[in-house]
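Trainee: For reference, the chains in residue letters:
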Amino acid sequence: MAIALIALGSYAGHAFASCNPGRSSGVIGYWWDGWKRPASNIPNGNLGDTYSRILEASPYVESPSFDTTAWVMLTNGSGSYAQIGWYKVPNGARNVFMEYTDQNGNFHRSLGAPYPVGNFTPYEVWWDAGNQRLDFFAQNMLFGTAIRYFTIKEAQQSAETHTLDSQMPEGTNSHEEFTFSTVSNLAGSTYNFDGASGGLATVQITNATIQDAVRASTHTRIDTWDKACTN
Amino acid sequence: MHKLTSGRSKRLIAVGFLGVAVAATTSVVLLTGSASSSVSLASVDPRTLQEIGLRISPTASHSTISQTVAEARASRAMNARGVRESVLASCHFGDALPTPQPNAVSPGGGRVDTAVTYGGPCWVVSLATAGDYSNGPPGSARMAATYVLALIDPQTGQLIRGFEGSGP
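If you're matching them up, the sequences are chains A and B in order. When we follow our numbering, the leftmost residue of the first sequence carries the number 1, and every step to the right adds one. When we follow our numbering, the leftmost residue of the second sequence carries the number 1001, and every step to the right adds one.
Simulated from the structure, these hints should not be mistaken for laboratory data. It is possible that some hints are incorrect.
[Stated by the list, open to error] Computed beta-carbon distance windows for the label pairs:
no., chain 1, residue 1, chain 2, residue 2, range
1, B, VAL1069, A, THR218, 28 to 38 Å
2, B, PRO1046, A, GLY105, 41 to 51 Å
3, B, THR1064, A, ARG215, 43 to 53 Å
4, A, PRO116, B, SER1038, 19 to 29 Å
5, A, LYS227, B, SER1040, 44 to 54 Å
6, B, THR1068, A, PRO43, 56 to 66 Å
7, A, SER217, B, PRO1046, 16 to 26 Å
8, B, SER1061, A, PRO116, 28 to 38 Å
9, A, ASN46, B, SER1066, 47 to 57 Å
[To be verified] Short derived list, chain B residues pointing at chain A, Cβ under 8 Å:
no., residue
10, PRO1046
11, VAL1087
12, SER1106
13, GLY1109
14, ARG1111
15, ALA1115
16, ALA1128
17, GLY1131
18, TYR1133
19, GLY1136
Since we're looking at a predicted model, the values are computed, not measured. Even glycine gets a Cβ: it sits at the ideal position worked out from N, Cα and C.
Using the sequences plus the hints, can you model the full thing?
Mentor: So, in structure tokens, the structure goes:
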């Protein structure tokens, strides 16, 4: 394997498209907006990869929160998963993050240098059968690997926040975009995330429709945004 | 007076050798800065380091930035609350899992021969968690982080890689 020493570093630049929604502060919880695709709705009935080019956003993250993120994920649909995307904490630091669960149910998160706000970064989780491991890609580079301890039952792509007053990424005039979103089965055949036609294969996932919005605009793109913000 | 038991003689000889060994080791430490053949963290279980694919070992490298600066950079990068311990070490991560097939390409175009890896000196800073959690997929149980680690570049002070999660 070629060893590539990448210049890494935490990015803590000025907030871009950051907006305090002005909701009640200090209300800790878990809010998400995105979509999911079960393996049962993919030809061959199995799943080995999910991919999306995600807009690098820099939303307002309220201080009692621990992070706001946007990611792609392979999961068993309950407590075991493998995901990668961007990650922002209340002090403004942004990073790429990957996260997975181990055989004991513990989670492990790894943070590395972020990609610039405003860019679209390809993020991908792939079951690498040749190497018998999960591969996590950012910008098509292998960010990390993990052993898989679960059966892959669905793909998810979502943004998430952890306090009520943290901004769901972007706003009414500029959405957080998951673009070119796909899933692939174990044979390596790739499909639109929302299915080849009709858009019936996926389910939107959200618990935040009062303050946030989520909308699938094409078979490969889903948008989320905070209703209280313009961008 | 000079007639010692065999067992006692052996113990005295062993103590003598031990003293020589300690003195020799101390000399080596003073000359190279390397205190031992291994580096460990009291605040992080070795099984966790293995799980995340991080290996640390002694280094004779010098740091441009101070330990205090490294700890401050680590705290900010990881949004942490306090330092548990830190050590300057040789750090290695990124290729701990099975030997990759160099030409493997994922359906999305990701290539395994462009891995983000690191091998070199770093400040390993173990931090107190600021109450980080993981939620996993929507609907699953929330898990609290029990460890936070930051690898800081001893020349630039930048975050090389951060790790946090739950574990033994």
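Trainee: When the structure is checked against the list of hints, which entries are broken? Sort them ascending.
Mentor: 1, 2, 4, 7, 10, 11 and 16
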